[in-house]
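The listed protein sequences correspond, in order, to chains C, E and Y.
Everything in the first sequence is counted per this note's numbering, starting at 1 for the first residue and increasing by one.
Everything in the second sequence is counted per this note's numbering, starting at 175 for the first residue and increasing by one.
Everything in the third sequence is counted per this note's numbering, starting at 477 for the first residue and increasing by one.
Read the hints as simulated data drawn from the structure, not as lab findings.
Please note that the accuracy of each hint is not assured.
Mimicking DSBU-like on lysine-lysine, the simulated pairs with C-alpha atoms at most 35 Å apart in a straight line are [what the hints assert, rightly or not]: (1) K917(Y) to K161(C); (2) K963(Y) to K1049(Y); (3) K511(Y) to K20(C); (4) K977(Y) to K161(C).
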Amino acid sequence: MTLVYDDLGDEAKPDVPVRKIRFTINGKKKVAEIEPRLLLADLIRRGVGLTGTHRGCDTTNCGACTVLVDGAAIKSCTMLAVQVDGREVTTVEGLASASELHPLQEGFRQEHGLQCGFCTPGMMLAAKALLDRNPDPTEEDVRWALSGNLCRCTGYQNIVKSVLWAAEKLRAEG
Amino acid sequence: MFPSRFRYEAPHSLDEAIALLSEGGDDAKVLAGGQSLVPMMKLRFASPALLVDINNLPGLAYHREGADGTLRIGALCRHADLEFSELLKGTQPTMAAAAPLVADPLVRNRGTLVGSLCHGDPQGDWASVMLALGGSVIAAGPRGRRSIPLSEFVTGPFQNTLEHDEIAVEAVVPKATGTRAGGYLKLERRVGDFATVGVAVAIETSGANVTRAGIALTGVGGSTIGATDAAAALAGQPLTAETIAEAAGLAAAAAQPRTDHRGTAEYKRHLVRVFVTRILGSSLPADAAAADTAAADTERAA
Amino acid sequence: MTTTADESRALDEIKIGGLGSSRKRVEDDRFIRGKGNYTDDIVLPGMLHMEILRSPLPHARIKSIDASRAWALPGVHLVLTGETMATRNLAWMPTLSYDTQAVLATDKVRFQGQEVACVIADDPYIAKDACELIEVDYEPLPPVVNPWQGLAEDAPIIRDDKTGQDSNVIYHWEVGDKTGTDRAFEQADVVSKLELHYPRSHPSPIECCGSVADFNRATSKLTVYMTTQAPHIIRAAVAMVAELPEHMIRIVSPDIGGGFGNKVPVYPGYVCSILASILLERPVKWIEDKTGNLISTGFARDIYLKGEMALRKDGKILGVRMHTDADHGAFFSDAQPSKFKIGLMHSAFAAYDIPAAHLTARGVYTNKAPGGVAYRCSFRVTEAMFFQERMVQAAADDLGLDQAAFRRMNFVRDDDFPHRTPFGFLTDSGQYAKCLDVGLKAIDYENFRKEQAEARKNGRLLGLGISTMTEPLGAGNSREYDILGIKMFDSADLKVHMTGKAILRTGAKSQGQGHETTWAQIVAHELGIPADDVVVEEGDTDTAPFGMGTYASRSTPVAGAAVAMVSRKIRAKARKLAAHLLEVSEEDIEWELGRFYVRSAPARGVSIQECAMAAYSNMPDGMEPGLENTAYYDPPNLTWPFAVYIVTVEVDPETGVWDVLRMVAVDDCGVRINPMIVEGQIMGGLTEAYAMASMQFITFDAEGNCVGSNYMDYLLPSAWETPGYELHSEVVTPCPHHPIGAKGIGECAAVGGPAAFVNAVMDALGGTGVRNIDMPVLPDRVWEALTYRRDVSGAPPIRQD
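Just chain C, same shape as in the assembly:
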């Protein structure tokens, strides 16, 4: 790999601490050399180049940046990238297998659970974490589990239906 950047002269070189981390993302092993202050969301979007994880707000409220770290749904804008050293990250791009969509993705399409699509990756991953823990949720369970993910377009009703559709499909698949 070749990396070329502007030579600003030695005096101008800032003392930027860089850390090397190893992590797995959607099943692929990666190495990164990053500043500690880099947010996980930015590692995913700009470092790895997976832009399905979105940045919505600046106060850890909207959940558009939700990913799974070691299976737990977390807001990637509020985790430092260095903290995934040795851990597994799953983003929306890791939901589908090589040949087919994840039932959650199919459910969102079937039940019109998205309009502009911006909150959708985060919603699906938060929903996946719910279904991993509780394969037969009630509507109330779904609304509760998604209460950290904001949507402006859909009014949530179809999102709930999408998740319940997926839950039923996953149970049927066994």
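Assemble the complex: chain C is given as a structure, and chains E and Y must be docked to it using the hints.
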């Protein structure tokens, strides 16, 4: 949106972590869940020079009943662990009521109870709960371990009594001598909102009488308020409409709310009274069955 | 004459994804995979990053700006201030309301959050670091946080940059029949009065605004990828502001993560990124953060009403008088196309048969962000309908009449269309009473009233709120509407390939409304080409036909009409090709879905695909080859959907918290292209209505600090708070002047919904003498109203200890 630069270390042992904090001085912070610290750093309200990440320290992600009957919560026990805890649902009604109300489900997957206590936000839910339970924090440092009661732990908004080279490793809830009852009610306009008012009530009863009581208030003062007069008024008394009303009134009087965009001081004080009444009312022995569900009641706008 | 049943080979319209099919969305394929292409996803070689420094003060003179430390930071390429912008005549820009707006502050800052400088650097983190190193010396001035402060004798003049501006008043305006209205009030048995504030709100799509500006010195072409709902308008504006030739500007609007009107105006960030790219000859990306979005971009509402209704004691409305004061912030930059200063405020009361009405309006400058007409509102229509239904509620109460009966008695009758409203609008069609019937039945109205009375005896407060309205959608006909002089038609360009597949481009721009799915359905309806065979593109000014974008629910009414019209042009040519292929004259040709056939021998026919092939390989003599066309549609009028929203609530008198029990929506928007998508739009609008009614607003303290500039304070409801909805679509009154009979729908629920929620809470408080609680109807306000039996205002500044 982005933190300013800092040095970062992720030690693998407690001793290493303590050594780093000693070295870092006042400008070092512990990173556990990060759900309060990282947002502050992103807005540049906090810019520590050194961040000591304790997420790799072994053996801290627990909550369990000790042999001595205390409940012990490790520094890496997440809010979510407590929300889904069968142990809490069975034995700790105040904690079980509060856990689902902390922030939102995603934040709960990372944030820790101990971290929340250390952060010292007057809007923090756990501080009220632990204060009402008479809990304490175990601090570990180069000089060994010490136990700090909650009533002495938080000294003001975002300030605690830890030395700069100490890490809070555990929170402890004392053993109950009677039957636990109580709850936590919070008025938030939506999930994740800061509390307009939060009230933690933790009592123990033996027969008809209250043997121990603790009442603490969230969001109605510069820091968490222990309504000690209200609690004292209940001790040794049976729970009746009169004793409840008296305690509720004293708790409201202990509040120091400010008028702001969440409501007038008068409104907030009124809510304290209402919440204390509701929690104690649901703990009345005659409604023992209803008490289980009511104590876990959430109070939210819409 | 049509074929007999056993000869008909017409395609099944639902099967091919035509009108009425709840076809699954084409857009979903990429979004569910995380493969959307939003502005922040765009990465160009050599791209730099821009960050904006904003003013912490609401009103202050700028004494000096020292950016030297920012310049010195490694990784910084450029720092722009108002001074540098001024050398290129770019420190100020014209607004869409014929005022001017600062791009970067020069003399003063006029609202908290105003753009003061920007930094372009290698990385957004460095750009942010550099912003922190810019030192600005401010001299604070007293802030104005509401119109009354702005109108006071000693108020500071906010727009002292404008010669001749000696007050904070922007305009006075009036419409209607003053004499007739005054007479109505003299004759009234009862006069019902109401005063309220519709608080400042913000569309707040989850995705913030942003742009990637790319000026290519070698080709002199400027390409800007940006979050815009109206790319062609932006191209025209950029040509004006940046003084670049129009043909060398390309605006590309990629996927947009929600618009709601927030992504219509031209923001300083766009202008700065464009200038930076021109100066640096590299792509420059600017993505704002949520705080920037909430504190500085196009807000909505913030308007005060004094309303009066003249009533006859049997319930007939004789006249309406309204006075509104609008808080426009520091610059008058309403992005609304009518010639009316107060937009379409006077569309209020269009659903009712009222003989006389008069509206006066005033606009005032304050120290807040500019804007005012965004947010799913059709240019002040949201305010109009909220005021209307709050006044109607109060009037019914004042008369002691039932809320539903009072409305029904005053509705425009079915046979009275087209109907001229007292303010001069012409409504097109409707069955208002039928919609109300459907709604009342669905909510079980009679039983609820009984339940309510019973509950009251036990100290429980139940309430029911109704909101009924018709609103003008589909701006707009060229006589009355324009933006910067450009008329508000829209367009569609359809190219049918030789195998009968097609590509359609329009001048609209979806931000989640599903145009890629629905426009193809119109083509399927008109041409019988399966919707799956039609790919739809929008948003690139180099390829899309000229259009005015998507906002104000105008796309189906205008662009959708253009799609129908261009399809018909294609069909007309295909008919000639069919005649040629079938060797008959055109008069002998009939059409059924997907096929032309010989009238006298219906079994002889050709498919539309065969006609397409013929257009490239077997044309009749004298016919131009190809099967492509463009249509521009200038709507003859606005379309007027009608809605009934009914909400039931329970209020907890001890805490003021209220819960929604049920929410029923009856929407008559004419023909529905895709019922699934229409319902999605309605539910989205209802959620925003619920949000505004319950928790969502921007306000200011006495020092001019913005409260609600981030998601900790600006509250959007989550799935937990948001109620469920019961939607009804039984009533369908086609639009008589629209090619496929459709009306707009995207905004109805946000327009009519808020009043339903508020009216429900007010109904629960009935008997206490409380007439109004300003939105958002927060628990503390409800408690205060109940406890002190008084109205509660939410106008800024907020009370604080």
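Verification of the supplied hints:
no., hint, result
1, K917(Y) to K161(C), "holds (26 Å)"
2, K963(Y) to K1049(Y), "holds (28 Å)"
3, K511(Y) to K20(C), "holds (28 Å)"
4, K977(Y) to K161(C), "holds (34 Å)"
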